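Protein chains in written order, with my numbering: chain A, 1 to 122; chain B, 1 to 165.
Please note that the accuracy of each hint is not assured.
[What the hints assert, rightly or not] What follows is a list of derived Cβ distance ranges for each label pair: (1) 60(A) x 97(B): 18 to 24 Å; (2) 70(A) x 101(B): 55 to 61 Å; (3) 74(B) x 42(A): 21 to 27 Å; (4) 87(A) x 70(B): 21 to 27 Å; (5) 53(B) x 43(A): 33 to 39 Å.
To be clear, the hints were calculated from the coordinates, so they are not data collected in a lab. Since the model is a prediction, treat every value here as computed from it, not as a measurement. C-beta: ideal position from N, C-alpha, C; glycine also.
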Amino acid sequence: MKNKILILICVLIFFIGIIGSAFVLFTPKKTNVNIKRDGRLLYSFDLSNTEDSEIEIPYGNSSNTIEIKDGKIRVKEAECPDKTCVNMGWLSSASMPIVCLPNHLVIEFAAGYEDGVDAVAR
Amino acid sequence: MKAKRLAELSVLTAVSLIIFIVELQIPNPFPIPGIKLGLANIITVFAVYHYRAYEVAMIVGVRLVLGSIFGGNITALIYSASGAVLCLLGMLLLKRIIDEKHIWIASILGAVLHNTGQIIAAVIVTQTVQIIAYYPFLLVSGCLAGLFTGLCAQLIMPRIKFFRK
């Protein structure tokens with residue numbers, strides 16, 4: 001009986017995880033992007049009118065190279081050991097930022113006035 | 001501590017370290033930090049059920065420090081350490097209510113607790129609350145990875161009994 005309750009809790013956690021993942025994946029994009037480190041704002045872009053460019057952001061002895069292209073942003077190269085931020089590809093969900101944990105770097109869509117509706121209205 | 005006990009703990013630590021380093025060579029298909037199989041935790045789950053709390057803590061502590069040095073990713077230590085602390089506390093409590101035949105349940109809950117600790121550490125270190133968006137993915141992967149390592153530990157347990165006599 002005790003075990004059944006615990007199994008039920010596990011199954012519940014699993015489904016909460018699946019529902020939460022779907023929710024995160026289907027959050028729409030925005031256009032304003034912030035690049036932060038340790039809560040401090042390093043860069044801020046409006047992707048809809050930023051030219052294609054590459055920025056190198058140093059951190060101690062390592063660095064991340066960020067690429068902006070066709071209104072999308074990604075980490076192109078990183079000197080961290082795991083390359084997770086590179087593998088995440090283009091930033092696509094407003095609720096899931098690109099994170100480089102070794103270099104403490106976070107790339108996220110800004111929570112601002114400029115959501116999809118306003119962009120269309122302009 | 002008796003020499004034999006010490007030798008047993010050392011062997012378990014060495015085995016889990018080897019598993020940990022071999023696992024590092026497997027490329028990770030998921031582009032989300034924190035998702036991995038955690039095969040080295042087969043030893044942790046096993047140790048939780050057969051050794052005292054401080055002995056398990058010794059195995060895991062040495063594994064974490066040496067693993068992060070050999071793996072060359074020392075900055076990841078803070079995330080894995082906070083996960084491991086939460087996971088160990090949870091599993092040592094769960095051990096009292098879950099018997100040896102249902103180790104996989106303890107393993108799943110332990111893995112989920114590990115991921116919770118990682119996320120909390122990541123939020124505190126980077127001071128970015130949005131990292132919680134990874135948590136649902138980690139919950140799913142934690143359930144699956146915990147189930148796998150738990151079942152492995154369950155299969156190993158009867159086979160490993162002979163060397164503990």
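Which numbered conditions among the earlier hints are violated in the structure presented, ordered from lowest to highest?
Hints 1, 5 not satisfied by this model.
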